[in-house]
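A.B. asks: So the chains spell out like this:
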Amino acid sequence: MKKIEAIIKPFKLDDVKEALNKIGVHGITVTEVKGFGRQKGHTELYRGAEYRVDFVPKAKLEIISPDELAANIIETIEKSAKTGNIGDGKIFVLPVEEAIRIRTGEKGESAI
Amino acid sequence: MKKIEAIIKPFKLDDVKEALNKIGVHGITVTEVKGFGRQKGHTELYRGAEYRVDFVPKAKLEIISPDELAANIIETIEKSAKTGNIGDGKIFVLPVEEAIRIRTGEKGESAI
Amino acid sequence: MKKIEAIIKPFKLDDVKEALNKIGVHGITVTEVKGFGRQKGHTELYRGAEYRVDFVPKAKLEIISPDELAANIIETIEKSAKTGNIGDGKIFVLPVEEAIRIRTGEKGESAI
Amino acid sequence: MNLNMLKNFKMPLSPLTFIWSLIGGLSLVLFSWVSPVFADGSKVPAFSAGNTAWVLASTALVLIMTPGLGFYYGGMVRRKNVLNTISLSFITICTVSVIWILWGYSLAFGPDAFGGIIGNFKYLGLFAMKEVQHSRYDGTIPSYIYVMFQLMFAIITVALVSGSLVERIKFSSWVVFTIVWLTLVYAPIAQAVWGLGGLFQKMGALDFAGGTVVHIDSGVAGLAGALVLGKRKGYMKENIVQPNQLGYTILGGALLWFGWFGFNAGSALEASPLATSAFLVTNTATAAAALGWMIAEWIRSGKPTTLGMVSGAVAGLVAITPASGFVNPIASIIIGFVAGVICYSMVVYVKPKLGYDDALDAFNVHAIGGAWGALATGLFADPLINSAGRGLFYGNPGQMWVQFLTVITVAAYSFTMSYIIFKVIDKVMGLRVDKETESIGLDITQHDEAGYNF
Amino acid sequence: MNLNMLKNFKMPLSPLTFIWSLIGGLSLVLFSWVSPVFADGSKVPAFSAGNTAWVLASTALVLIMTPGLGFYYGGMVRRKNVLNTISLSFITICTVSVIWILWGYSLAFGPDAFGGIIGNFKYLGLFAMKEVQHSRYDGTIPSYIYVMFQLMFAIITVALVSGSLVERIKFSSWVVFTIVWLTLVYAPIAQAVWGLGGLFQKMGALDFAGGTVVHIDSGVAGLAGALVLGKRKGYMKENIVQPNQLGYTILGGALLWFGWFGFNAGSALEASPLATSAFLVTNTATAAAALGWMIAEWIRSGKPTTLGMVSGAVAGLVAITPASGFVNPIASIIIGFVAGVICYSMVVYVKPKLGYDDALDAFNVHAIGGAWGALATGLFADPLINSAGRGLFYGNPGQMWVQFLTVITVAAYSFTMSYIIFKVIDKVMGLRVDKETESIGLDITQHDEAGYNF
Amino acid sequence: MNLNMLKNFKMPLSPLTFIWSLIGGLSLVLFSWVSPVFADGSKVPAFSAGNTAWVLASTALVLIMTPGLGFYYGGMVRRKNVLNTISLSFITICTVSVIWILWGYSLAFGPDAFGGIIGNFKYLGLFAMKEVQHSRYDGTIPSYIYVMFQLMFAIITVALVSGSLVERIKFSSWVVFTIVWLTLVYAPIAQAVWGLGGLFQKMGALDFAGGTVVHIDSGVAGLAGALVLGKRKGYMKENIVQPNQLGYTILGGALLWFGWFGFNAGSALEASPLATSAFLVTNTATAAAALGWMIAEWIRSGKPTTLGMVSGAVAGLVAITPASGFVNPIASIIIGFVAGVICYSMVVYVKPKLGYDDALDAFNVHAIGGAWGALATGLFADPLINSAGRGLFYGNPGQMWVQFLTVITVAAYSFTMSYIIFKVIDKVMGLRVDKETESIGLDITQHDEAGYNF
Ligand SMILES: Nc1ncnc2c1ncn2[C@@H]1O[C@H](COP(=O)(O)OP(=O)(O)O)[C@@H](O)[C@H]1O
Ligand SMILES: Nc1ncnc2c1ncn2[C@@H]1O[C@H](COP(=O)(O)OP(=O)(O)O)[C@@H](O)[C@H]1O
Ligand SMILES: Nc1ncnc2c1ncn2[C@@H]1O[C@H](COP(=O)(O)OP(=O)(O)O)[C@@H](O)[C@H]1O
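Chains as they are written, first to last, in my numbering: chain X, 1 to 112; chain Y, 113 to 224; chain R, 225 to 336; chain L, 337 to 790; chain P, 791 to 1244; chain F, 1245 to 1698.
No wet-lab data here; the hints were simulated from the structure.
Just so it is clear, CB atoms sit at the ideal spot from N, CA and C, and this is done for glycine as well.
Incorrect hints may have been included.
[Unchecked claim] Computed list of lysine-lysine pairs in BS3-like fashion (alpha-carbon distance at most 27 Å, straight line):
hint: 1; chain 1: Y; residue 1: 219; chain 2: Y; residue 2: 152
hint: 2; chain 1: L; residue 1: 379; chain 2: L; residue 2: 569
hint: 3; chain 1: F; residue 1: 1679; chain 2: L; residue 2: 639
hint: 4; chain 1: Y; residue 1: 194; chain 2: Y; residue 2: 146
hint: 5; chain 1: P; residue 1: 1027; chain 2: X; residue 2: 82
hint: 6; chain 1: X; residue 1: 40; chain 2: R; residue 2: 264
[To be verified] From the derived model, a few chain X residues whose C-beta atoms are all more than 12 Å from chain R:
hint: 7; residue: 36
hint: 8; residue: 60
hint: 9; residue: 93
hint: 10; residue: 111
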């Protein structure tokens, strides 16, 4: 099994979720994160003082998938999250050794 | 070492934490996340318009453990997080290569 | 490639970020998390009732790095996040199999 | 400002004006005598624009107290119940406002129907009342504004009860409760204490602005409700206290303090010296009570909390309410300070022992603070402030007995009736949400809404 | 409070006082006759401190409504637009306050310049007006406070329009709009409906506190703006409804309710019986409308929402506004309840069909609620409340026709002019932010600020 | 509203009423002459219900300003200090309210004890004062409400100082400071400027509602405190500016604006034409100042911020305060606009250069804005508005000199005394929290509470 982590622009979340749904991914965990990267933050004003807010709000998706589905999932995220502008984000793939469904105790791929 | 990630129902957090404490786990990192899965979200109303909120609030626990403790931890989470209803969540196990305690510089299992 | 996860004290975030910037790390993803560990939380009062808040706010940094940079990154975090007090946090290293930049489709180390 | 300014508004005087002014002045005077005697034979004074202005303003001030109460309560509950908690206050404004016009006012302030404890149906729908009538209660203001001023008291009294019930009461059952309780509990007590010919009125009970009518009956009803409902899931076992936004609570406390000037000083029904005295002691007692609670907490827990300061202020407002038209400034410092300490002690020592779940302390603060205030009125009423009241310290021990009797009777009546009402509602439609609903939170389950989308 | 108290303020009487008092009394009477006749020959009454006190308080109350509106609106939008939405109301207070002094008041309430639809330049900069003058509109209060009271109405009317435009209008364009619209739309309508010698005034149109002047014209202008601006990105396609903090909306609703007592009861310009009547029906209709909306929603969607209760209350406040000085208590219950149901129906049935994006329902609630209120005044005006108004149900069907005509004319005028103004601003400087700006949110892009740093 | 309405309230006239009315009228007149002369020999006018109504309402309005200030300040600090910041204002209401009764009022407004700079002990505990007394300062209102009105000024003045000290001052030290500073700084300045026989009063200084007494002394004290405390950790090095919830700041600003009508127009102590003039210029200057600050910021930084608009409004309120009873409408636009620009310039140009950490700009806005307002009064005071004041532009250059002298003296006195007080508190109990406490935040460390549990 693989863990696919994708850091994307928050307003793309709905699109990505739907695209994944279409290819049969029904489990996703999403976290609000702040990204530092090439895409720069913005300036805020406070009584005339300008200060930079470096972080950019991003959404992090985590999906555990069977090995064979991983490529398809990655491709789907790539397509649906892309705007072509800096800050579109990254996808990382990590190995997963085991998965368990708490409700049933199922293990491995059937647990996902 | 292993990284154990558990996605659970938020109101089970205290129970799980205590159960883990009892078996000697003293380090946990918790993140508020939103889960999409079999458990469906809820409907909200806004001036008569109904709209679905797909995400379900979940708590994600991350525990780095020595290999030999992992099974026990997983079992404990399974038991203490279970309600038997859809949405109880998952446990994933990932390999960890190194751990360092910032304060002391200790490495490996003694750092956990 | 490696995934370096560091749990640090939130007010050290700026220092760590700058130290990493200096050694050429330009991509970081940060999450607000709550930590349970040796460092105990604090007491809150509510109409005379004291209750413990066990969690301590922490910042989790995630950095995907080429294998060869990992040691340097870890060292830099160690130095810049250290206060010497309990609760300084941990660094964990996990293996990463693949990385993709969504905007360009680049893969592997060049995607980071 | 410089006193000289007062002399700057000279205005030109034309010869014709003298005649005009005489005629105008006389007709003004004649106007004053529209309805020369009230039913009880007392002379009806002239309308006073000044008094009416103050009672109009006071009524608006008392209205804002109930949303204030909603925020005061709403800030203290868990995030998942914030909207529901505020809406318990908000919906009370709506139901009580309508019921009051239809039958509430008539029962509470209409001519006595029976034994000095309930009004008759004369003013149903306010058909028999016109805004140009002089109020029976203070002839210098129109009757309609008296109806409204008293309405605002009725609203907040009912809303106060919700403090004991939050985080677990069904919204629909609360709506029903507000209507029934107003009719069966509030109206009789208002008539008995404030009605012309009311039972306690005749006994000489002193309650300037509602220690018994507003605070004791609501606080005691809260206790009854807490007992019928039972404890919140996890109460005293896990930490279910996570005030979602104490800023709301401070805002609510500030609006309560602000509005309470209308409540107490408005109860003079005139922009008179007595109103200013009520204003002064209200502010002083409130401040002293905030200090009392804060100091008590600082000593016991080692920290002064903002919630403690605000809670103390509310305790002080409660305690000074019955006393506000009777006591002098120094007495108000004592009444307030003691109120802060007593209510804090209730919350930290008594409540955990008795084990009822008076969630936001409607009983502990309002019933206990109100009772202390009513008794303190019997102690401190100073005839130099108001010749209508003379307390124990000014040579009239009998007053304490009257006060005590009123407190006990009102508390007993409210508790019994409220308990029955809660029980009946529970039987008929269920009073409490089910366990899962309580876990998920009342905002989503009762209203399909979320307090925050951040 | 006990009636006996009223007798407690005996004061000592010295022999000298008699002479003094006579002299004082007479000079008081003489004082009253400063400027004996107005321009139209009617006698000028004396200043009344009581009336002035009430109008001063009312003016402050109406001021707080506009920040209230800002919070009411601000709570409903997405997190990224919260500050911008509130600031649309806030900046309106600022621009209109200055313009009003410079030329707004003169155009709206100066002596008629032309056809009963626009004032002349007599009061430009208020140079020709002194605070010691008696107001032309109610001689018992100084002219300056009338200027201020009317200013507060002008402010909130303009601010209301923003409800249809939020989440996409350029801040700079909004600022320009407030100035132009006040001058070209608000001022003429105010003169026509309320001016001495105003067009509709002469026709006998009844609008006590601004159903047409405040609500219809602003709601209709909102619709025009929504049409020119177009829909928000994603409207009706994705879920763009995520009220960031409904607590703000409830707070705003509460401040509106509170301030509206100044709006309606203050419109009597006196602390008189009529003011108290307006106060009473305002509160009652508001409560009934909240119940109306809530019940309609409860039936249709299965849940009563807090947003629904507050929205209903606002609908009730709107509907009772023109009627508040004319109708009796029971009529106010009907007017309010129906307003709640009508406005809810607009929002859930009509709006989605017509497809315009009236983002926060300025049109659906204010124009429709205001029109219903204006017509209801024609139905329910009760001559026993106010002899100046007699509606259909009291034997005067002609009133309905006048009301109808006023509503239609004001709506048509406001729509046409507002549409043109929006179009011209769009051409000259652009009305709407670009797509990316809209995605990122207006707080950061228009103001370099964030609503929350949690 | 239609003028015809005014004629609708005819009331029936019975034959008996004539006699009654004469008797009533005369007794009314006689009543007026309770205490015919004040100590200084001037005649005591009759109580006026209208004036009393307005001062009662004004006092409530000024009370709400201080929680408003708490929210205004509280929204600007970092999340970890939000409750502590609000509570600095809240606790000030409590301590000052009690001290005022005990000794504060007597020192500030009692008969002069010494050199026109401090009152005597006559009114300690208010024992020697009764609510039925006529106020020495305006005989038409009872003395108790004057005590309260002045109390509200004292409260907010002390609370304003906290703006310079937030995010690092120890809560306990602040509590002590409020008591000491009120006694040693506020009371003498109030007596000197407003006391009968006060030093500056006799010199003819014009300060209608407290430019010197409220704003200059508090702003300067803030500066002294900021200097003694030192800069916040990280000030000017890292970004420590993360306003946690600007909605609080806007809400606070709105409550300040609302309450300030009581502050300025209430300072007339009468519901008189002068009060309405103060009301008008207050609103106008505030709006103009918000525009001034916004435009200056828009030009310099390219964006108009909501915080800028609100800050500008506060600067305008400050500047118009001393001038509010003296200047005409057009002057108020100028005074306000310039105040916005000056205070913005202080904050962006001067503050960073001087390097003191006036955290929330109590000095930059209140001392500087107040000084500008005091001088502007010397320029613009228009004898047609108030014959007691004639400024440079109306032919009286000497007034500027008096204003200047007052500003300088008050500032020097307040700075010196405040600096000493802060230093002494620092020595005795420590003024500032330690570094770690500052990092963790004051909410948890001083109060064991968290602002938000989301
Ligand atoms: N090496 C990295 N490790 C972890 N997160 C990263 C890394 N590089 C980028 N990110 C995340 O991806 C986001 C987008 O990256 P950025 O460099 O801004 O643009 P792009 O994805 O177009 O290259 C960042 O905000 C950050 O959250
Ligand atoms: N494949 C997956 N990858 C990542 N997270 C998942 C996956 N499947 C489920 N989850 C997480 O687990 C939660 C519970 O899953 P769900 O399907 O609702 O119920 P159950 O755990 O009972 O099967 C989801 O809300 C989601 O956060
Ligand atoms: N085994 C673990 N697994 C995951 N997170 C851990 C683990 N141990 C500690 N942490 C995280 O590291 C933080 C710091 O650990 P703590 O024991 O308090 O102090 P120290 O880092 O000084 O040993 C914790 O708050 C928690 O978030």
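A.B. asks: Each hint needs a verdict: does it hold in this structure or not?
C.D. replies: Verification of the supplied hints:
1. With a C-alpha separation of about 42 Å, the suggested pair residue 219 of chain Y and residue 152 of chain Y falls outside the 27 Å cut-off, and the hint is violated.
2. This hinted pair does not check out: residue 379 of chain L and residue 569 of chain L have alpha carbons roughly 59 Å apart, beyond 27 Å.
3. For the hint linking residue 1679 of chain F to residue 639 of chain L, the alpha-carbon distance of about 19 Å falls within 27 Å, and the restraint holds.
4. With a CA separation close to 18 Å, the supplied pair residue 194 of chain Y and residue 146 of chain Y stays within the 27 Å bound.
5. The hinted pair formed by residue 1027 of chain P and residue 82 of chain X meets the criterion: a straight-line CA distance of about 20 Å does not exceed 27 Å.
6. The suggested pairing of residue 40 of chain X with residue 264 of chain R is violated, with an alpha-carbon distance near 36 Å, which exceeds 27 Å.
7. Taking the minimum C-beta to C-beta distance to chain R, about 4 Å, the non-interface status of residue 36 of chain X is violated against the 12 Å cut.
8. At roughly 7 Å, the least C-beta separation between residue 60 of chain X and chain R is not larger than 12 Å, which violates its mark as non-interface.
9. Residue placement check: residue 93 of chain X does not keep its beta carbon more than 12 Å from all beta carbons of chain R (closest about 4 Å).
10. At roughly 21 Å from the closest C-beta of chain R, the C-beta of residue 111 of chain X stays outside 12 Å, upholding its exclusion from the interface.
Checked against the numbered hints above, the structure violates hints 1, 2, 6, 7, 8, 9; every other hint is satisfied.
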